[in-house]
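K.L.:
Quick note, the sequences are listed as chains Z and E, same order. Letter 309 of the first sequence, counting from 1, is numbered 309 in my numbering, and no numbers are missing. Letter 434 of the second sequence, counting from 1, is numbered 434 in my numbering, and no numbers are missing.
Treat the hints as calculated values from the structure; they're not laboratory data. Keep in mind that the hints are not guaranteed to be accurate.
Since the list gives no way to pick out one identical chain from another, each pair is judged satisfied if it fits inside one copy or across any two copies.
[To be verified] Here are the computed lysine-lysine pairs in the DSS-like style, where the Cα-Cα straight-line distance is at most 30 Å:
| no. | residue 1 | residue 2 |
| --- | --- | --- |
| 1 | K115 | K415 |
| 2 | K392 | K374 |
| 3 | K135 | K374 |
| 4 | K115 | K522 |
| 5 | K314 | K291 |
If you're wondering where the values come from, they're calculated on a predicted model, not measured in any experiment.
2 protein chains.
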Amino acid sequence: MVLHLVPRCSARLLWASPGWRRTYTQGASVGQKRLGCPGDTYRPLACRGHSSVSGSPEVMLTPERYPVQRLPFSTVSEEDLAAFERIIPGRVITDPEQLEACNVDWLRALRGCSKVLLRPQTSEEVSQILRHCHKRNLAVNPQGGNTGMVGGSVPVFDEVILSTALMNQVISFHDVSGILVCQAGCVLEELSHYVQERDFIMPLDLGAKGSCHIGGNVATNAGGLRFLRYGSLRGTVLGLEVVLADGTILNCLTSLRKDNTGYDLKQLFIGSEGTLGIITAVSILCPPRPKAVNVAFLGCPGFTEVLQTFSTCKGMLGEILSAFEFMDSECMQLVGQHLHLTNPVQESPFYVLVETSGSRAGHDSEKLTNVLEKVLNSGLVSDGTMATDQRKVQMLWALRERITEALSRDGYVFKYDISLPVERLYDLVIDLRTRLGPRAKHVVGYGHLGDGNLHLNVTAEAFSQELLTALEPYVYAWTAEQRGSVSAEHGLGFKKKNVLGYSKPPVAVKLMQQLKALLDPKGILNPYKTLPAQA
Amino acid sequence: MVLHLVPRCSARLLWASPGWRRTYTQGASVGQKRLGCPGDTYRPLACRGHSSVSGSPEVMLTPERYPVQRLPFSTVSEEDLAAFERIIPGRVITDPEQLEACNVDWLRALRGCSKVLLRPQTSEEVSQILRHCHKRNLAVNPQGGNTGMVGGSVPVFDEVILSTALMNQVISFHDVSGILVCQAGCVLEELSHYVQERDFIMPLDLGAKGSCHIGGNVATNAGGLRFLRYGSLRGTVLGLEVVLADGTILNCLTSLRKDNTGYDLKQLFIGSEGTLGIITAVSILCPPRPKAVNVAFLGCPGFTEVLQTFSTCKGMLGEILSAFEFMDSECMQLVGQHLHLTNPVQESPFYVLVETSGSRAGHDSEKLTNVLEKVLNSGLVSDGTMATDQRKVQMLWALRERITEALSRDGYVFKYDISLPVERLYDLVIDLRTRLGPRAKHVVGYGHLGDGNLHLNVTAEAFSQELLTALEPYVYAWTAEQRGSVSAEHGLGFKKKNVLGYSKPPVAVKLMQQLKALLDPKGILNPYKTLPAQA
Chain Z
1 MVLHLVPRCS
11 ARLLWASPGW
21 RRTYTQGASV
31 GQKRLGCPGD
41 TYRPLACRGH
51 SSVSGSPEVM
61 LTPERYPVQR
71 LPFSTVSEED
81 LAAFERIIPG
91 RVITDPEQLE
101 ACNVDWLRAL
111 RGCSKVLLRP
121 QTSEEVSQIL
131 RHCHKRNLAV
141 NPQGGNTGMV
151 GGSVPVFDEV
161 ILSTALMNQV
171 ISFHDVSGIL
181 VCQAGCVLEE
191 LSHYVQERDF
201 IMPLDLGAKG
211 SCHIGGNVAT
221 NAGGLRFLRY
231 GSLRGTVLGL
241 EVVLADGTIL
251 NCLTSLRKDN
261 TGYDLKQLFI
271 GSEGTLGIIT
281 AVSILCPPRP
291 KAVNVAFLGC
301 PGFTEVLQTF
311 STCKGMLGEI
321 LSAFEFMDSE
331 CMQLVGQHLH
341 LTNPVQESPF
351 YVLVETSGSR
361 AGHDSEKLTN
371 VLEKVLNSGL
381 VSDGTMATDQ
391 RKVQMLWALR
401 ERITEALSRD
411 GYVFKYDISL
421 PVERLYDLVI
431 DLRTRLGPRA
441 KHVVGYGHLG
451 DGNLHLNVTA
461 EAFSQELLTA
471 LEPYVYAWTA
481 EQRGSVSAEH
491 GLGFKKKNVL
501 GYSKPPVAVK
511 LMQQLKALLD
521 PKGILNPYKT
531 LPAQA
Chain E
1 MVLHLVPRCS
11 ARLLWASPGW
21 RRTYTQGASV
31 GQKRLGCPGD
41 TYRPLACRGH
51 SSVSGSPEVM
61 LTPERYPVQR
71 LPFSTVSEED
81 LAAFERIIPG
91 RVITDPEQLE
101 ACNVDWLRAL
111 RGCSKVLLRP
121 QTSEEVSQIL
131 RHCHKRNLAV
141 NPQGGNTGMV
151 GGSVPVFDEV
161 ILSTALMNQV
171 ISFHDVSGIL
181 VCQAGCVLEE
191 LSHYVQERDF
201 IMPLDLGAKG
211 SCHIGGNVAT
221 NAGGLRFLRY
231 GSLRGTVLGL
241 EVVLADGTIL
251 NCLTSLRKDN
261 TGYDLKQLFI
271 GSEGTLGIIT
281 AVSILCPPRP
291 KAVNVAFLGC
301 PGFTEVLQTF
311 STCKGMLGEI
321 LSAFEFMDSE
331 CMQLVGQHLH
341 LTNPVQESPF
351 YVLVETSGSR
361 AGHDSEKLTN
371 VLEKVLNSGL
381 VSDGTMATDQ
391 RKVQMLWALR
401 ERITEALSRD
411 GYVFKYDISL
421 PVERLYDLVI
431 DLRTRLGPRA
441 KHVVGYGHLG
451 DGNLHLNVTA
461 EAFSQELLTA
471 LEPYVYAWTA
481 EQRGSVSAEH
491 GLGFKKKNVL
501 GYSKPPVAVK
511 LMQQLKALLD
521 PKGILNPYKT
531 LPAQA
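Make the full structure from the sequences, and use the hints.
P.N.:
Take a look at the structure:
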C-alpha cells in the first residue's frame, strides 16, 4: 500500500534507474565463500579481486596528496611471502591488478601501494599472520568491505592488507534470544537476510550494507539508519573475538546480555578502527523483526518545521518511531539528476523520512496517520506520502540511502559527518553556502536528525586545495564551538585523525595514545590512522 | 485500575507494612544538600553520618573473615588530615561513630577500619584530594550510596573513604533530547523524580534507587529493572567526567548521541568499580516518559510455563514490553513473612511480573489483555492480576523489588548474581536445594528473566564456612560450564574478584591488569577489588 496524502500525485512515484535495487537484492548467501564484493552500484572501486580502474582517472598516491612520512616498519620480503603462504596456502595475493582494488578507497581519494593481500579464513590464521608481522615489524592494514568514509580501510604506504572477506561464516544463531555469533567478514546485508528469515533483524542498517562487513561495522562503531531505535553497537554487541597485535587471541565472544565480570574489554575494540586489535568474530543481539513497518516521506517548508515535525513524531509515535531522517532540496536534486529517482512529493526546501516499526499493523498506521494529519493541518508539512508494503518502503528509503552514491557521481566530494545540537544542525550548511559561493558545485545537508547527526557534503569538479582550505579547519572549529563531534559515526581513519583535538581534550588524547602503546607497542596495526602522531 | 483476572481475589491485595513505601517517597529533592541517605527501610546500616549500629551484632573486620593482606600503602597522618582540611574545610570526618557506618557494607558482611571520610563537593576538590593521596601513596575507597552487593564500596583496611554524597547537583537537562548532566552523587530516585516532572524517565531503575548514587550505578554498570527495554548504561551514558588516580581530570562529559572521535574512554570507567578512576559527573540519555504503564502479576505452574509466557509476551507485546521479572514461591513466602506483603494471586510455584510501557493506553491494554487471555487459556498461567494506576503498579512491583530486603531479614545471605542461558536459568536453584539440604534456611531464585539474569540467594541463621564451602566454587563452576557469567550486574567488588577466571580467559584477565597498571600505577584506587591479585 502507498497511502498518498494531500495533494494526490502518485503518478510521480516513478523509479527510473533500473540499477538501484541491486543493493537490496544481490550478494551471495551467508556461509558461501565470497571472492568479490556486492553492492557495486555505488562502489566504483573496491576490493573485488580484479581491477576495476580501466577508464577511471588515476587516484594519487596518498603521500603525494597528504603530508605523511612512512614509519620505519620492515618491508615485505620473499621470506615473508613464503611464511604467509605456509600459513594460508593459496590465499596470498600479490597480483598487481587485484591489489590495485584493495589499495584504493571507494571514494577514490586515497591510494596505498601494498604489495600483498592476505585472505585468512580463521582467527587462528589471523593469529599466526600477526605473530609473524609482529616479530618482523611489518605494518598491517585490516580491511573489511572497504566502504569506510575516512580512509581507515586502505593502506597509506605498503602495509600488508589483511582482508576478512573469507571469514564469512555464521557460527550460531539462537532463535529465542536472537543472538547471532558470526565471523567478522560476514556482509551486513547477508546477515540481514539470514536473521530476517528467522524473524529477527540486524540492529544496524546502513547504505553500504551490500558490501560492508560486520567486523568493519563494529571496528568503526557504525551508526546508520536504525540507531534511533536500537541504539549503539556498544549496547547490542555482546561479545567479540579479537586478535591482538602480537597474535594473541582474546576470546570475549560471550552471548550474554549481562556480564559484569571485570572490565568490558570488547569496548576497547569497538570503534578503534583496527588500531588496537583485529576483530575476527562478533556476537550481536538482534531485535525481533517488527511485524509492521510504515514509512512516510514528507516535504517541509523550512528547517524549523523539520524540527517541529520531529518533536511531534517523538511525542505521538513513542516506542514505534524507528527512524527520522532528513535531506535538503539539493540532495533531492542530486538523486534525481544522477540516479534518476523521482521525488514522490511536492518540491520542498526539506524532506523527512519517518519510519515506524511495531508489532501491530493496525495500531501503528493509526498512530502514524494521526501524526500525518496533525503535521499537515498545522502546516509543518506541505505534502507527504506513506507506504507499508516492502517494495514501496524500500523505494522511499532509496531516496535517502542513495544520496551518498549521487554525491560521488557529482564530482569530488568533501565529506563531513558531524554531531551537533539538533536545533543548530542545519546552520552550518547555510553558513558554508555563503562562505564557499560558486567555488562549490553543491553544499548539501542530510542525515540522521533523530540522532543529531548531520552529513554535510560539498562537491566540486575536482579536488581543490583552495576549497579544502576554505573548509578546514573552519568546519571543525565551528563544530567545536557548538561542543559537537567532528566525527559522529564515520570515525577518524586517515583523513580525520588530526582533527581529534577539536572534540577531545589533550588529557583524553594522551590516554588514547597510552592505550595504543599498551596494546600495540610496535604500532603495526593500521598505522597512520585514528590518532594523531605523537609530538 | 486493578483489572483482576480469574479467579477474583482482590481482597487479598493488602499491603500490611507501613514502611515499605518510603523507598518511593522520601529523600531530599535534587539539588538540595544531602548529609544523610534515604531508603532506610532496607538499609539497616549505611553511611548516614551517624551511627546506626546500636543493637545490631558487631560485623567482623574483613581481614578476619577473608584471607587478605594489607598492601604497603601509607597510613593517614595528622599532616594528611590537615591537607584534606585545607582542600575541603569542614568536610573531613574523623568521628568514629560516623565512620563506623561508612566502614560497613549494607549487607553487614564486611567491615573496614578507615579513619577518615572525605566529602568533596566538586571534581576540582576530588582532583586535589587524589593528587595528594597519589603523592603520599594513600589508598582511596570511593563510596556512593554504599548499596553494592559485593563489597566494592567499603574499605577493606584503612583506605581513605571518598564519598560522592555532597556532589549532588543537576548540571543541566535538555527537555527536547532528554539528556541529563549531573554530578555523580545524585541519588537515582531523586533524579527519577526530577526527570519525571519534565516528562522523561531515567533509563535505569533498581531496588536500591532510594540510596544509590548515579555515579555508583555507572561505576558498577548497574542493570536493574529497565534493562530489557532501555538496554545497558554502555549505550545510554553519553559522557563522563572522571578524576584519574593522580588527580588528572578527564573531561568526556559530552551530550552527543553519536561521537566516534577516537577511543571511547568513558567505557573504561563504566563498570570498573572505581578501580580506574573516580566518576564525578555523568551525562545520560533519558527516554520519554511512557504515557501508559501496565503491570500484570501472574502465577505460573512451572518454570517451563514461565519461559513460554516470556516467549508469548515478547512476540505479542513487542516494543511495549518493558520488564519481565520472575520469582519463585519461596521468594513470595519471604516477602510475606518478613515484610507482610500479601500475594495478590493464587499460590503458585512461580510468579512473573510483566510490565508494558507505551504511548497509547488503549492500544497497550488491548495488547496486554490479549496476551493474558492467551496465557490463561493455554494453561501457562494459573492466575493473574493487572494494574494500570501508579499506586497499584508500585504495589505489584514491591513484591519483586523488596525480595532483597526480605532476604536480608531472613538471616545471613549468600548472594549470587548469574547470567545463564534462559532455558537453564532455574536448574541451579533446584540443584542447590538438593545439595545443601537442611543446612540452608532458604534457597531462592528470582531475577530479570528477560535478560537471562538469575539472582540466586541462600539464607542461613548465620555465616557458616561449611555452607560457603558447599556453595563455592560449586556455583561458579556450574555457571562456567554453561558459559554463563558469575556476575551479571553486581560486579566483582571485594567478594568476587577471585572468581573472575570462571567467566574470563587468562588473556583477558592479564589485559585487565595491564589496564589497571596503566591508569593507576600505584594501585591506590579501590584496592583489593575487582581484579584478582597478580601472581
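K.L.:
None of the hints should be skipped; say for each whether it holds.
P.N.:
Now the hints, each set against the structure:
For the identical chains of this complex, K115 and K415 are intra-copy neighbours only, at 29 Å inside a copy versus 58 Å across copies, given an alpha-carbon limit of 30 Å. In this assembly of identical chains, the alpha carbons of K392 and K374 lie at most 30 Å apart only when taken from the same copy (23 Å versus 34 Å across copies). Taking CA atoms no more than 30 Å apart as the test, K135 paired with K374 passes in neither setting, with 66 Å inside one copy and 63 Å between copies. In this assembly of identical chains, K115 and K522 lie within 30 Å of each other by CA distance solely inside one copy; the values are 21 Å within and 45 Å between copies.
For the homomeric pair K314 and K291, the shortest alpha-carbon distances inside one copy (20 Å) and between copies (12 Å) are both at most 30 Å.
In this structure, the one hint that does not hold is number 3.
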